[in-house]
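J.: Below are the chains, spelled out letter by letter.
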Amino acid sequence: MKIIDTCGMSCPQPVLMTKKSLEENPEGLDIIVDNNTAKGNVERFLKSAGYTASITEKVDTFLIEARK
Amino acid sequence: MNGKKEIIIAGGAVGIISVLLVYFGNPANMGFCIACFLRDIAGGIGLHRADVVQYIRPEIIGLVLGAFFISLKNKEFQTKGGSSPFTRFILGIAVMIGALIFLGCPLRMVLRLGGGDLNALFGIAGFVAGIYVGVIFLNKGFSLKRSYNITKIEGYIFPAVNAGALILLIAAPAFIFFSEKGPGSMHAPIVISLAAGLIVGALAQKTRLCMVGGTRDMILFKDMYLLSGFIAILVFSFIGNFAFGFFKLGFAEQPIAHTDSLWNFLGMAVVGWGSVLLGGCPLRQLILSGEGNTDSVITVTGMLVGAAISHNFGLASSAAGVTSNGKVAVFICFVFLGIVSYWNSESLIKKSSSEGLSKADAE
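Chains as they are written, first to last, in this note's numbering: chain A, 2 to 69; chain B, 724 to 1086.
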């Protein structure tokens, strides 16, 4: 699964990066975010785009697994 | 935490609290105005000498400290920095110049409309147009690049500075300026202003309330979340103003406003465009400053300096209208925004020497 790292990016770039990568990889994507705001924003976007999002908390980051 | 209901409640609270602050003594339609209040603080510490707009606004201190405490409590305090700090500093100046052309930050723009000031409609139109331009560059890969984790103490300094400002306000030493007339002399009691700031700071931190984010996310993702907060502020400030008898519909003789539609539009276009590049409106920058985001601290510092420049160079508008210096400044801001937008947009500068770095960031 392709993985993108959105750590340290300002709003709304984590969501934009997710959106762009999903257009190239419609089957799914792993997204690393480093704050709750980006986590919430990406999660909300994934739901509206018809993906499930499972979230695992890591040290200082979250891994979001987006699947169709 | 990310429920739409929460942000509507938060927006509603901001609308009502803003009207209450006016009731307790703040200038009309200025329960909150991040640009005006930073401008007053710049005057209070003598960075400019416009004697009608000098006061250390406790609302600002409250917003920062409210966000600080709630982010500590929720373990969301993260000290970060290093995302194009000097670009952000100048963007802060530009946003402040634009806001003082219109006479209000995006939050006051909404509060002005909620109070019946129809000039704000031109402001909103310009704001949306500016956001739209910013979004075009976001879609072309605009980024001020990553921020990084830095030492915790760096993030504590700005909240500490705000606590220091509170001491200066209360102690009122002779070197702090306090307006004796004009908007700077009109303020709610310190305790009320501070409490209002703390409450709104906490709410805005929890809900990520952002005036520019609403329109931006609507255009980009058809996402209504932040926009519902924006609308809630408008609706509830309207209700509040009506209830207190403050509502006054029209263009002419609105409080701390002018009727020059074109420059209301252009001023807020600078604010909208600049705020999209920064990743959030002035309110959001203050909240992030409290959460340990030192890039936002730099932005707020830029806004403070921008306010001083605006008044020292005669750029800021007044009820009498826009100044010719102000018009030139808006033009310079647009040129600057254009250059920053272009040179930080990945797909527009593919052939530049930073290709390796840009690619690494895109991965």
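Hints should not be assumed to be uniformly reliable.
As the list claims (entries may be wrong) - The calculated label-pair distances, taken between Cβ atoms and stated as ranges, are:
hint: 1; chain 1: A; residue 1: ASN26; chain 2: B; residue 2: PHE747; range: 40 to 46 angstroms
hint: 2; chain 1: B; residue 1: ILE876; chain 2: A; residue 2: ASN26; range: 36 to 42 angstroms
hint: 3; chain 1: A; residue 1: THR53; chain 2: B; residue 2: GLY1037; range: 26 to 32 angstroms
hint: 4; chain 1: A; residue 1: ILE33; chain 2: B; residue 2: GLY805; range: 15 to 21 angstroms
hint: 5; chain 1: A; residue 1: LYS59; chain 2: B; residue 2: VAL884; range: 31 to 37 angstroms
hint: 6; chain 1: A; residue 1: ASN26; chain 2: B; residue 2: ALA883; range: 24 to 30 angstroms
hint: 7; chain 1: A; residue 1: ASN26; chain 2: B; residue 2: ILE768; range: 48 to 54 angstroms
FYI, nobody ran anything at the bench for these hints, they're computed from the structure. Backbone N, C-alpha and C define an ideal beta-carbon position, used for all residues, glycine too.
J.: Each hint needs a verdict: does it hold in this structure or not?
T.: Cross-check of the supplied hints:
For ASN26 (chain A) paired with PHE747 (chain B), a C-beta distance near 55 angstroms fails the hint of 40 to 46 angstroms. Taking 36 to 42 angstroms as the suggested C-beta distance range, the pair ILE876 (chain B) and ASN26 (chain A) conforms, at roughly 41 angstroms. In this structure the supplied range 26 to 32 angstroms is violated for THR53 (chain A) paired with GLY1037 (chain B), their Cβ-Cβ distance being about 57 angstroms. Between ILE33 (chain A) and GLY805 (chain B) the CB atoms are about 18 angstroms apart, so this pair conforms to the stated range of 15 to 21 angstroms.
At roughly 33 angstroms, the beta carbons of LYS59 (chain A) and VAL884 (chain B) sit within the given window of 31 to 37 angstroms. The supplied range of 24 to 30 angstroms is broken by ASN26 (chain A) and ALA883 (chain B), whose beta-carbon atoms lie about 45 angstroms from each other. Look at ASN26 (chain A) against ILE768 (chain B): about 52 angstroms separates their beta carbons, and that is inside 48 to 54 angstroms.
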